[in-house]
Amino acid sequence: MGLQRLAALLAAGLGGARGFDVEGNRIKGMMAAVYTPMKNGGMELDLTKVKPYAGHLASVNVTHAMPAGTNGESVSLTVSERKQLAEEWAKVAPGMGVKVYIHVGAESLLDAIELARHAATLPGVSGIVCMPPVYFKPSLETLHDFLAAVSGAAPALPIWYYHIPVFTGVLQGRAHEVLQLAEKTGKLPNLMGIKFTDYDLADFTACLQVANGKYNLLFGRDDKGLSALMLGGDGVVSSTVNYSPTLREVVQLYAKGDLRGAAAAQQKNADLCDTFGPYGSDAKNVQKAIMRMVGVDVGPSRLPYQDLSPAEYAALEAKLQSKGFIDTETKKAKYEAWLASKDMTKEKAMSEYIKPIEEKKKDFGFGGA
Numbered sequence: 118m119g120l121q122r123l124a125a126l127l128a129a130g131l132g133g134a135r136g137f138d139v140e141g142n143r144i145k146g147m148m149a150a151v152y153t154p155m156k157n158g159g160m161e162l163d164l165t166k167v168k169p170y171a172g173h174l175a176s177v178n179v180t181h182a183m184p185a186g187t188n189g190e191s192v193s194l195t196v197s198e199r200k201q202l203a204e205e206w207a208k209v210a211p212g213m214g215v216k217v218y219i220h221v222g223a224e225s226l227l228d229a230i231e232l233a234r235h236a237a238t239l240p241g242v243s244g245i246v247c248m249p250p251v252y253f254k255p256s257l258e259t260l261h262d263f264l265a266a267v268s269g270a271a272p273a274l275p276i277w278y279y280h281i282p283v284f285t286g287v288l289q290g291r292a293h294e295v296l297q298l299a300e301k302t303g304k305l306p307n308l309m310g311i312k313f314t315d316y317d318l319a320d321f322t323a324c325l326q327v328a329n330g331k332y333n334l335l336f337g338r339d340d341k342g343l344s345a346l347m348l349g350g351d352g353v354v355s356s357t358v359n360y361s362p363t364l365r366e367v368v369q370l371y372a373k374g375d376l377r378g379a380a381a382a383q384q385k386n387a388d389l390c391d392t393f394g395p396y397g398s399d400a401k402n403v404q405k406a407i408m409r410m411v412g413v414d415v416g417p418s419r420l421p422y423q424d425l426s427p428a429e430y431a432a433l434e435a436k437l438q439s440k441g442f443i444d445t446e447t448k449k450a451k452y453e454a455w456l457a458s459k460d461m462t463k464e465k466a467m468s469e470y471i472k473p474i475e476e477k478k479k480d481f482g483f484g485g486a
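Quick note: the sequence shown uses the numbering used here, first residue 118, plus one each step.
Hint data in this document are derived by calculation from the structure and do not stem from the laboratory.
Bear in mind that the values here come from a model prediction, so they are computed numbers and not experimental data.
One should not assume that every hint holds.
To be verified - Cβ pair distances, simulated, as ranges:
{"no.": "1", "residue 1": "M213", "residue 2": "A319", "range": "25 to 33 Å"}
{"no.": "2", "residue 1": "P395", "residue 2": "N157", "range": "23 to 31 Å"}
{"no.": "3", "residue 1": "D163", "residue 2": "M213", "range": "15 to 23 Å"}
{"no.": "4", "residue 1": "S176", "residue 2": "A372", "range": "13 to 21 Å"}
{"no.": "5", "residue 1": "S344", "residue 2": "T445", "range": "24 to 32 Å"}
{"no.": "6", "residue 1": "P421", "residue 2": "A175", "range": "38 to 46 Å"}
{"no.": "7", "residue 1": "A432", "residue 2": "A266", "range": "24 to 32 Å"}
{"no.": "8", "residue 1": "K156", "residue 2": "T302", "range": "39 to 47 Å"}
Even for Gly, the Cβ is constructed at its ideal location relative to N, Cα and C.
Required output: the full structure, derived from the provided sequences and hints.
Shown next as structure tokens:
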């Protein structure tokens, strides 16, 4: 444990002085920013896909998930849909070893408070994350007050400020000031830290220095994840860990002290991002397509996002697979995902559903009985 972290623990009395266990709620390693499963042209949620999705994350050792964030099309979802999504993830994921952190940020403070209160009622939720309003942009002081109101609606849950200024336009280069003001006022006792999705490493470093490194800093730019870890970040919040081994290997190798190996994996992740990046133009939700390529079909996107054309999909899939950038989808994985979606074990399936299962096996390329 570093001297700064030790000093922070002593100053906080292991969280007791503030009445909140900061260290006990600290996230380390990897968190997946998960996609929202949809159907009917993106007009309905498809909650049946959450369980196999959570199973996929567990199978690749990703043990934290954040639904309804940017990847989850949160601002395109209704409050009711976001509650349903939170309920399903909270119900199925913890039993698979995946902790759930619900994004509750909204344009309306009342909506954000409602979502935070709802999250606090779900035993399977480990924390909440809150993006600022993006149309009526807050000042530093009004953002602080907004976060205080939201965190106060769920005082027993840890909360992370979601800093993503490329989309929000809020406080570019000033995320550390949010922590400094919270530390000064004491009005956000359950503030854990920041989900920091920006390339400004100077601001990120300044965040790490507030209160002797007390706050939990999670970095959200996949192609610079190693840099953030080397600066002292606790972990990454990532889209690519959903479907690619590249950033997972960065985190794992860095934790083992293999800096050379971690750097090589980071370069491969950067190349991955460069490969799919051009397909994300024209409001195309390219990474949802990549999920289908690895056998975790989360359905279509909701307008104003659109999906790749068949030709774009085929071209991108060929590129990603030829370079070994994404998880290899196997017929066995497809079959097991289908079993999981039906909530049955292999044994139960073969003993009670032999005929339909054998038909499904044919669909997945296993051949007849």
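Taking the hints in turn, this is what the structure says about them:
no. : hint                       : result
1   : M213 with A319: 25 to 33 Å : violated, 38 Å
2   : P395 with N157: 23 to 31 Å : holds, 29 Å
3   : D163 with M213: 15 to 23 Å : holds, 19 Å
4   : S176 with A372: 13 to 21 Å : holds, 19 Å
5   : S344 with T445: 24 to 32 Å : holds, 28 Å
6   : P421 with A175: 38 to 46 Å : violated, 32 Å
7   : A432 with A266: 24 to 32 Å : violated, 47 Å
8   : K156 with T302: 39 to 47 Å : holds, 45 Å
Hint compliance for this structure: hints 1, 6 and 7 are not met, and every other hint is.
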